[in-house]
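Asks: Using the sequences and the accompanying hints, generate a full structural model.
Below are the chains, spelled out letter by letter.
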Amino acid sequence: MATTDTEVKELIKREYEHGFVTEIEADTFEPGLNEDVIRRLSKVKQEPEFMLEWRLKAYRRWLEMDDPTWAHVDYPEIDYNAISYYSAPKKQEDMPQSLDEVDPELLRTYEKLGIPLHEREKLAGVAVDAVFDSVSVATTFKEQLAEAGVIFCPISEAVQKYPELVEKYLGSVVPAGDNFFAALNSAVFSDGSFVYIPKGVRCPLELSTYFRINAANTGQFERTLIVADEGSYVSYLEGCTAPMRDENQLHAAVVELVALGDAQIKYSTVQNWYPGDEHGKGGIYNFVTKRGACLGKNSKISWTQVETGSAVTWKYPSCILKGENSVGEFYSVALTHNYQQADTGTKMIHLGKNTRSTIISKGISAGRSSNAYRGLVKFQPGAEGARNYTQCDSLLIGDRCGAHTFPYIESKNKSAIVEHEATTSKVSDEQMFLCRQRGIDPEQAVSMIVNGFCKEVFKELPMEFAVEAGKLLEVSLEGSVG
Amino acid sequence: MLSIKNLHASVEGEEILKGINLEIKAGEVHAIMGPNGSGKSTLSQVLAGNETFEVTEGEVTLNGENLLEQETEERAREGVFLAFQYPVEIPGVSNLQFLRTAVNAKRKHRGEEELNAAEFMKLAKDVSRQVDLDPSFLKRGVNEGFSGGEKKRNEILQALLLEPKLAILDETDSGLDIDALKVVSDGVNALRSEDRAILMVTHYQRLLNHIVPDYVHVLAGGRIIKSGGRELALELEEKGYGWLGVKDDDASN
Ligand SMILES: Nc1ncnc2c1ncn2[C@@H]1O[C@H](COP(=O)(O)OP(=O)(O)OP(=O)(O)O)[C@@H](O)[C@H]1O
Ligand SMILES: [Mg+2]
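If you're matching them up, the sequences are chains A and B in order.
Residue numbers for the first sequence follow the working numbering, beginning at 1 and rising by one.
Residue numbers for the second sequence follow the working numbering, beginning at 1 and rising by one.
Take every hint as true, because none was put in to throw you off.
Simulated DEER-style distance windows between Cβ atoms:
id, chain 1, residue 1, chain 2, residue 2, range
1, A, 402, B, 71, 23 to 31 Å
2, A, 400, B, 65, 32 to 40 Å
3, A, 467, B, 64, 40 to 48 Å
4, A, 400, B, 115, 37 to 45 Å
Keep in mind the hints are simulated off the structure, nothing from the lab.
Note that beta-carbon positions come from the ideal geometry of N, C-alpha and C, so glycine has one too.
Replies: Structure follows, in structure tokens:
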């Protein structure tokens, strides 16, 4: 345990301090996608038969589907046969040793951020499951969690060790055929995390995962599954960064949350994938399906996200509120700069009686970027007395960027109540002048104003994440004034 | 300390300031009075570096340094402070954070150690009591939902914290009740010092009962048309601006 622990810390530290394009000998599949690739993948990962069947079924569904075109984003067609579907680092000893190939620009950025992983690690009580490319390298704090009966491990391990749990819940919230990217992910998902909190257990640690896309042209398809059994509680943090590359990279993840009766899941994300340069070159295509199901009475799922990265983001963390009195929450800050495009929002599907949902979305656009909020609130006939409160605020910096709001409301129950508020504001010249007149740097002023705008969301984040999110905004906004 | 020579400034091609000349020495308090729209706020904003206004002619120096060459934030760190006639709100940014950032920007500029949150909190609480603002205002967003009078007291709070060399107070007395006027005046009097100059825009002679100015100037149509001592204010109160050849409601010159 102790050794694994140190190893992970070392690994993570090195990864961030050193090369962002990590030169390691990787076991990488040739680019291309067909049934044989999936069979090979499943075999390398020593999966039970049901898993392979599940993947193949998803693959066949995917073949019949088309790229979604409805989002308010624009990107060149992706050649799925040009992507490699498996890449694993061979040995930990092969990890980077030299600083030489690091882009100083990127190092500077991380210096400013204060190396997030490193920082967070110091905060005792955070367990880290580091996903390095496709394979989870190690999981820490396993024993402490095991004592509480909590299962927290790479999903590939869960497939082998807890096949009944995986078979029962995998795809139960996001079915393989749900959408184009979910189908692709189901067919080829490489790794991710699995969490199970037993009945009545309050998870003793905040669980945390770091994903990192390293090898060039490797699509990353993580799969995360969190199951909170009756009366349990878990807070899960997800942080993402990626190396700077000229070519675009694909990230198509699926996250499924299941909350049984009286259970609570709090899922927080700070996403800082590489957004591309100031001319719009490179960057991550982030197409993610995140969905939680409040199955039991009085269950609760909260999504909190801070999105500053990616060239193109397509992401709608959603809640299916089935259990009576269940609660869904979505708190989001999405910042776009330069040529970034974000189309994000949420879906709250009210099925049960007296279900409640809250949506607070803060969109910030700078440069020539485009930022769209897309939200659906749906009340099914059984949603007696259900309520939703939605607040969408947009903040514009400069006059070449855009903000769009697409709220959709569908109600099949007359007793359901929706409240919707939306505002668009600008960082005003008067505000800037006030700050500068008090001696504050223009860049610092913008970041302060933006942070103030995001306050309602930041207060939902765990403390250390809130601090980082603030810094992240500051770095992301660089060059947005003047 | 402050020297303004033949200052002309315009906005959207229209000339507002038409040759202002003014000398203020350290330790002095000058009051500027004048009809609505005569250019009092414009002068204040131009001195603070608001880029909305274009300086077309003239020069301004502060302790011999050319002020017009400096960015707004540099002027501020060098000691120019403007209390706004209409303070703007910055939602979600706590007053405390805003003030600490400002104070630390200035301290850094002077090569002084920055204050940590605890040190600053103590200082800010003391000063907020001095202007009769409950310390709970420090936690609220900058001017967010403040009443008119609270905003003005918040401006004086900032002046006291930032210890400027040149304090420009644009109608800091407007909209104050009698008690608040006393509090604000006490604040301004506390600012008065040997090495500080104060330029105070006001419409009311009653303020000058509390803060006795060394000089009073009348600004009309973009020019200073009359200067005098304390008694000029009394005379204006009695006679209005008419006798100076300006109409009382002359807003456009
Ligand atoms: N941003 C602006 N755009 C257009 N005109 C402006 C602007 N700012 C000021 N002005 C004009 O300049 C003139 C002087 O305005 P200023 O605010 O300096 O007057 P003032 O003396 O402070 O008046 P008051 O006593 O009402 O505060 C006015 O006619 C005003 O309309
Ligand atoms: Mg004015």
